[in-house]
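Student: These are the residues of each chain, in order.
Protein chains: 2
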Amino acid sequence: MNIPRTSYPRIVIIGGGFAGVALAKKLSKQEVQVVLLDKNNYHTFQPLLYQVSTGGLEPDSIAYPIRKILKDFPNFYFRLANVDKIDTKKNKVRTDIGDLKFDYLVVASGSKTNYFGNSEIEKHSMAMKTIPQSLNLRSLILENFEEALLTSDFNERNALMNFVIVGGGPTGVELAGALAEIKKGILPKDYPDLDTRLAQINIIQSSDCILKGMSEKASAKAEDFLEKLGVHIWKNIRVTNYDGKTVTTNTDLTFESATVVWAAGVKGATIKGLEAEEFITRGNRLLVNDFNQVKGFNHIFAIGDIACMANDEFPNGLPMMAQPAIQQGHQLGDNILKLIEKQPMEPFSYKDKGAMATIGRNKAVVDLKKFKFQGVFAWYVWMFVHLFFLIGFRNRMVVFVNWVYNYIRFDREARLIIRPFKRNHKRS
Amino acid sequence: MNIPRTSYPRIVIIGGGFAGVALAKKLSKQEVQVVLLDKNNYHTFQPLLYQVSTGGLEPDSIAYPIRKILKDFPNFYFRLANVDKIDTKKNKVRTDIGDLKFDYLVVASGSKTNYFGNSEIEKHSMAMKTIPQSLNLRSLILENFEEALLTSDFNERNALMNFVIVGGGPTGVELAGALAEIKKGILPKDYPDLDTRLAQINIIQSSDCILKGMSEKASAKAEDFLEKLGVHIWKNIRVTNYDGKTVTTNTDLTFESATVVWAAGVKGATIKGLEAEEFITRGNRLLVNDFNQVKGFNHIFAIGDIACMANDEFPNGLPMMAQPAIQQGHQLGDNILKLIEKQPMEPFSYKDKGAMATIGRNKAVVDLKKFKFQGVFAWYVWMFVHLFFLIGFRNRMVVFVNWVYNYIRFDREARLIIRPFKRNHKRS
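Quick mapping for you: the protein sequence lines, in order, are chains A and B.
Each residue of the first sequence is one higher than the one before, counting from 1 in UniProt numbering.
Each residue of the second sequence is one higher than the one before, counting from 1 in UniProt numbering.
Just chain A, same shape as in the assembly (with noise of 0.2 Å):
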């Protein structure tokens, strides 16, 4: 990679997530060499996906390009490229644009969906971690629709119109919300001649209760919410397969569904060259100490979801969240900083700014250190915190439109099938 060496020490980053990026601003004015490394030229706003799955907003209002957060930052390079090994003794990393030496190495490449081994599960779900996966979400549900007009089998039309999410965390519960507003607000107008009844929207559970890592009464209220929308939430029971018709459970209950969601579980990113059992930990998560750093490694550091840093209040680690991973980004530009000047680096302490999640129109759970409110304000609280941490004034002001028209007209006006999505199963 033709990156010219300097007499600054180099610090190469990889990926450009929250993490990255948060790492990477805190890094902008000081006397390194900065190297981001990411496989999209742009960063992904991953909270609000959903709404790009369901048509409330466009893809590239939640996407924003890397090279423009970089760019009046001095000595910094981004490179578009896959990285496919990290070689620990010769301290560099191979990508599929070649190789780069590095002084500092930061992995921050994120999690991916975790479908627990199973293949069958993967080939025929559909998952929501990236903008592409979000794009044919949004075909295949309007797909369906228009599918469901076509045949004359009702069980056929029963399947395209279920839909089954499984794994009632915040994307679960934030998606099911804007599916049961899409059957409500724009099914009747879109497609008179269907019958709306046959869309349904089941979440599966596999404890006892949604947005676990939340307060009970969130928990309860967003329930409430969801079930007062028409939400069917099934709890306590687990998804074993889906093979593109049927879903199975560890109980008699089955679904026949088109559309299968698989939020259930997120895993570490990992790169070859830091796969060993030495550095990994529950969650395919690299083990890091409080500075960040990989097990073993001075220089070599996680930051971000990929990153499992325990503490007494979170033995298994942060949760794999925005805000960890931007205050980690934070911290590890100041400590690789005074780890250059040979000071001692401060340990990272995460402070937990909350949790929130949307179920829909006027309907929010959010719960503060001190506060946990539900209902319209914190419906607006969600929707200022989000705008808030978008990043660019253009992005906002055009989710910020939607939104406001979304809100007045009860539309969802991106419902385009831009993306024609292949299914990998036929249907009879």
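Derived by calculation from the structure, the hints in this document are not laboratory data.
Only a predicted model underlies this, so the values are computations on that prediction, with no experimental measurement involved.
Keep in mind that a hint or two might mislead.
Since the list can't tell identical chains apart, any single copy or any two copies may satisfy a pair.
[As the list claims (entries may be wrong)] Below, simulated DSS-like cross-link-like pairs (lysine-lysine); rule was C-alpha separation at most 25 Å, straight line:
id : residue 1 : residue 2
1  : K189      : K25
2  : K338      : K90
3  : K71       : K184
4  : K26       : K342
Since the structure of chain A is provided, determine the placement of chain B on it from the hints.
Tutor: Below, chain B without anything else, positioned relative to chain A:
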């Protein structure tokens, strides 16, 4: 196709472009059954596709769900379908979702890129007639810059940054202007380590002026604007081939380029069953009379780009633009109702509202019947007219926000490679 037969006559419209939608709107509250067929579930505002290709607008803001256009119309049906054949004997259309009988048929299938039989050019060049094509072009442009960073071969880098636009009509001119602004405003910031002087934008025009359909003054001024923006205009030169690396012409001139956009011509998108010589005329269009009736039929019509209606002013048929399409759609709506009621139809007469093209920031050319003007005011007129004709309040707002932002910030933020472009030729 399971569409109920009622006592109303059934009008089948093939295509939801400007012509098809204008006709549908006209028929909205009449005693007819209307079935609109399109291979996409959205209407595309084609005049702004070049802004999608160049990252100025998100694709979703220039597309509009067809079902939403039809939602308040009783007796309207939309089906997502590819029409394979028209059976003029049995009065039915054959589609990939089944057959459909019609009482009246309106072919509004538009136009497609005309490669004049050159399959090499078709294989290697980019077109810009649809949203997926525009997104592919956006990806290719951005990927080429990323690739240009990686190569140490000067000729290779040169080719990756050398843009060749074949055709100096509105599409070619507007795209060239937008690329020139990217070269000036975005490239130096996004790619500080690239010599952006290498980015060359070429228009190749077979005749002796660009914007041939417009006034001499507009053409000359557009040329002047483009040259000030650094675009090279090559006149009286015809492209003979492009093998994925080299553009050859009917002169000694050749271009090494990784990005060739073919904007040199369109032809009618005919459908089997109406492809015999007796129906087809110049430009692969369906010959129609003043009532838009296809030659030899009383109840089969063609409107928009696919229809060739000649008059004294336009002996080769009306221009393939939005205005004739919209006007024919409106008029045919009235005429079909008259035909049903056995009243005489009104012959179509084209009201030429003029033409316009934008070259860039503060630079446009406008030809109205009585006034012809160029420059800043023309640019405002261009923007106003395009916002006005865009369907949907949300789309207008989102486009407006983007334009204001792009204007103030000299920026284009949708420069995202969301749809990785798979090159069908491998560069060495």
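Student: Would you mind marking each hint as holding or not holding in the structure?
Tutor: Status of the hints after comparison with the structure:
In this homomeric assembly, K189 and K25 come within 25 Å of each other (Cα to Cα) only across copies, at 17 Å, whereas the closest approach inside a single copy is 46 Å. Proximity of K338 to K90 under the C-alpha cut-off of 25 Å is restricted to the intra-copy arrangement: shortest distance 23 Å within a copy versus 82 Å between copies. In the homo-oligomer, the alpha carbons of K71 and K184 lie at most 25 Å apart only across protomers (15 Å), although the nearest pairing inside one protomer, at 44 Å, exceeds that limit. In this assembly of identical chains, K26 and K342 lie within 25 Å of each other by CA distance solely inside one copy; the values are 18 Å within and 76 Å between copies.
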